[in-house]
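Participant: Sequence:
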Amino acid sequence: MSDRSLLARYYVYRATMSVGFITPIFTLFLLRSLTYTQFAVLSSLYSVLAVVSEVPTGYVGDRLGRRASLLLSVVFTVGSVGGFVVVNGFVPYAFLYALWALALTFRSGSIDAWLYDILDERLDADRFSDVRGRGDAIQNWTAAVTMVVGGLLYGIEPTYPFVAAAVFNSAGFVALLSLPKNSQYVEGETGPDRLGLRAVFAIVRDHLVRPPLRSLVVYIGLFYAVIGVAQGYVQPMAIETLAPTVAAFGVQLPVDSGMARAGEAGPALAFGLGVLYAGLRMVSSVGSYYAGRIEDRLGVRRAVLLASTIPTAALLVPPWIGLFALPTFAAMSSGRPLVEPIANGYINDHSQAVGRATLLSVVSMVYMTLRTPLALGTGVVADATTATTAVATLGGLFLTIGGTVWLVGSVAPTSRPTAESGPTG
1 MSDRSLLARY YVYRATMSVG FITPIFTLFL LRSLTYTQFA VLSSLYSVLA
51 VVSEVPTGYV GDRLGRRASL LLSVVFTVGS VGGFVVVNGF VPYAFLYALW
101 ALALTFRSGS IDAWLYDILD ERLDADRFSD VRGRGDAIQN WTAAVTMVVG
151 GLLYGIEPTY PFVAAAVFNS AGFVALLSLP KNSQYVEGET GPDRLGLRAV
201 FAIVRDHLVR PPLRSLVVYI GLFYAVIGVA QGYVQPMAIE TLAPTVAAFG
251 VQLPVDSGMA RAGEAGPALA FGLGVLYAGL RMVSSVGSYY AGRIEDRLGV
301 RRAVLLASTI PTAALLVPPW IGLFALPTFA AMSSGRPLVE PIANGYINDH
351 SQAVGRATLL SVVSMVYMTL RTPLALGTGV VADATTATTA VATLGGLFLT
401 IGGTVWLVGS VAPTSRPTAE SGPTG
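For the sequence shown, the residue numbers in full-length UniProt numbering are 1 to 425.
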């Protein structure tokens, strides 16, 4: 397989990971039968299950192979998305959230570990941020197109976007099977460099509890948690902030005062949300596509600081200026896609090939641990006030706590070493 063909197949797989059909209407779909607090409980349950399963699923990725772990992720993704077609209510949704959490954790460490090792074997590991960022961009471009279609389908029948997503995500099986295994897994299911359970704890001790990764992991974990929770409220925020604003100019949207909480959406609103989300994904794809170049220009430390501070500061503005919700949504969408390739490349370079998927899974576990209380608290605040106020509270929280971590700790203080050099500090 040529290098160009390998990258093309990786990009095809990244396209199949998109859940754009359901993204613009997912929260409204759930709010048809749930309160904000129930929605927050489901989000917290998802986070807790992800925390519990991150290290075991990362261990599976290191033990059985990264591609095997990714195939299991597709199974759970399709099962979860398809389940929303046939069930309704808090308890059934909790089961589907559990499947979704497993899908995430089987993918979270293995996908970057697979890519980094393949690049190291066949091309150049220094290209990780660039290739990973372009994969993010392709996934976002795919999502942008399917989001518009998803909004249209929701206006016809609320379950149609979930049917479309399940069928589309199933194509991930074919895309994954076209990709090679990492070289250390080609000879069979066992080998001299497989991890034992004790090695898992050694990896955490040696890489994550001391510099240079300790402060970076906490900082980006908090950033991912804040942005992840905030993005779940884009749909009700759009109703709360943009509908009154455009009404002042004589444009009436088909929205009543209770729609944000009731989760109602007519065909016009559903299509509008699809277009809104598609635009946001196109904006976010720019950041991820150029992540490698931005890192080269600014360095890891400054790139992470700017890409995290600007989106979270923007969260504070919509309660005061409703129309500013649009640039806020754009900033929210572009922040993590820009930070993640840069931060994960730095983490990969400060780790070693054996256990790389486990290490990245532990990083995801930190994010999910921080996300759990934030999701619960935001839901309670949203029920007591508005979704827009709750999200602004998240922004203030990050600027306070994240700023303290940045000032007290040492976030990404050094240039990248070679992976063979191991952790420093």
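In case anyone wonders, no lab produced these hints; they're calculated from the structure. C-beta atoms are modelled at their ideal positions from N, C-alpha and C, and glycine is treated no differently. Do not rely on the hints blindly, as some may be mistaken.
Restraint-style ranges between C-beta atoms, simulated for each label pair [said to hold, decoys possible]:
#1 Leu323 / Asp124: 39 to 49 Å
#2 Trp320 / Val275: 46 to 56 Å
#3 Ile310 / Val86: 22 to 32 Å
#4 Leu177 / Val85: 36 to 46 Å
#5 Pro373 / Ala313: 39 to 49 Å
#6 Val87 / Asp3: 19 to 29 Å
#7 Thr37 / Asp296: 23 to 33 Å
#8 Ala94 / Ser183: 39 to 49 Å
#9 Pro327 / Gly409: 44 to 54 Å
Participant: Which numbered hints turn out to be false for this structure?
Facilitator: 2, 3, 4, 5, 6, 7, 9
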